[in-house]
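Following the hints, complete the assembly by docking chain B onto the known chain A.
If you're matching them up, the sequences are chains A and B in order.
The opening position of the first sequence corresponds to residue 0 in numbering that gives the first Met the number 0, with each subsequent residue numbered one higher.
The opening position of the second sequence corresponds to residue 0 in numbering that gives the first Met the number 0, with each subsequent residue numbered one higher.
Among the clues, some could well be false.
Heads up, incomplete: computed chain A residues facing chain B, CB under 10 Å, no partners named [said to hold, decoys possible]:
| no. | residue |
| --- | --- |
| 1 | Pro144 |
| 2 | Ser161 |
| 3 | Gly166 |
| 4 | Asn179 |
Hint data in this document are derived by calculation from the structure and do not stem from the laboratory.
In this text, a Cβ means the ideal position worked out from N, Cα and C, and glycines have one as well.
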Amino acid sequence: MSTNSKKKPNSTPALEFKSSNFSVPVLALSGDDLITIEQQLIEKASLAPDFFKNLPVVIDLQASNKLNCVIDIAELTAVIKKAGLLPIGIRGGNAQQNKQALELLIPVYSVNSAAITDEPQKQQAPVPTPEIETRDTSTMLITQPIRSGQRIYATGDLIIMSQVSSGAEIMAEGNIHVYNTLRGRASAGIQGNKDARIFCFDLQAELISVAGNYKVSEDIDASIRNKPVQIYLQNQALIIQDLLQHH
Amino acid sequence: MARIIVVTSGKGGVGKTTTSAAIAMGLAKKGHKTAVIDFDVGLRNLDLIMGCERRVVYDFVNVINGEATLNQALIRDKNCNQLYILPASQTRDKDALSQEGVGKILDELRKEFKYIVCDSPAGIEKGAHLAMYYADDAFIVTNPEVSSVRDSDRMLGILSSKSRRAELNEEPIKEYLLLSRYSPDRVKLGEMLSVEDVQDILSLHLLGVIPESKSVLNASNSGMPVILDEKSDAGQAYADIVDRYLGEDRPHRFIDEDKGFFRKLFGGK
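This is chain A alone, in the form it adopts within the complex:
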């Protein structure tokens, strides 16, 4: 294999570095009593065993070091692993702790590199998606015309059977369907849902937007105006597709 690749230096690379963001829980310590830490960790983990099992965590030592606590990283990581969690880094440690962590092959993160989100996240953790579950995502159906100056906000999908006048604004966290002429402003996926789409019978909109990516009337090509279209996001670009034109 290796000889092979030497022969073909131009072959496709076997790897690539990409940047990506992860949301990782931070375990902030405020004491140095490892027995208490272990007890409390196991207690917490037992509340939602599935969630905490093999959960990657970053250990935050800022608070404990401010209190001049003496924490041995090797001992601490052993305790955390025992509770079923996987330490994947430390931050806020002193020089000795950082050295210790690197010896254990645990990366050291700078405190300033990430925005610190406070504890409540950890308490919400057992129910990972509470917002989505409690929100009313039912469809809103409107049969009256939406006149200039009116605003409609739907927490789920929005279906409008009548026209939407210029100067009107319709918004939905989900998809928008307008089974008539769309002359006003339409924003789908207004809370960031990139899969949301806008459908309308006759596109004459002042502005269309999906998850914050928008086009104003001026940027809408004349070839797709006054036509039945669907509007969706593809690689951050807003695609307007004539529904009657196949492919």
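Frame of chain A, contents of chain B only:
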């Protein structure tokens, strides 16, 4: 059962007062006891168009404030004894009107009159809001140009969301489109929106088209509602509108270019 009609537009100068005067006169001449109220407190005009400006003693605001009775303030029209005018106050502003006060007066008028025509001021502020709040029917007066159409659309939104009927979740206000100052020649030249364009944007039932006409200005100057000028095109247009509103079948006129009397007579194109 009395019907309250609001004549409104959002935009100024489109012909609300001319229309209010003509419609009220038309309904009264058909034998229906009708009152027409000027809601444009501070900028009253209806009394001039109706030719009763010299007979105003008490006004709308006096009645709201209890300084006069409704019967003292109502002016009987000199051309038609079924028509009464309630003028606005010229010395006050719209803040003199209150929702309860207007409601009380309308309730009182309802007992005696078949139709109550409310001439709305321009804009979407308090005066216009109070004029439409209690309405059963709305006549949307629109000129064939984009800004007037947009303002009408805005007013339609307000009618469907801020009226008493909307607030009480009752049957919505019946909306009718009146296209005024229409000139087929200018439509043909592309200077004006066509009837189809306006209807496409507003998607509203067209009650009638009133042609741009010298007779309207003449009528205003002489204090005679234009509907009394039976020879004029605008007068006939308003008569048609009243008939259609009352449920009669009248074909639309004044939409196409004037083909000339003789060509019509001999079946020319």
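Structure-based check of all given hints:
Here the hint on A/Pro144 is kept, as its CB sits about 6 Å from the closest CB of chain B, short of 10 Å. Interface restraint check: A/Ser161 against chain B, minimum CB-CB distance 7 Å, threshold 10 Å, status holds. A distance limit of 10 Å between C-beta atoms decides the matter here; for A/Gly166 the minimum to chain B is near 6 Å, and the interface restraint holds. A hinted interface residue such as A/Asn179 counts as satisfied when its beta carbon comes closer than 10 Å to some beta carbon of chain B; here the least separation is about 8 Å, so the hint holds.
Of the numbered hints stated above, none is contradicted by the structure.
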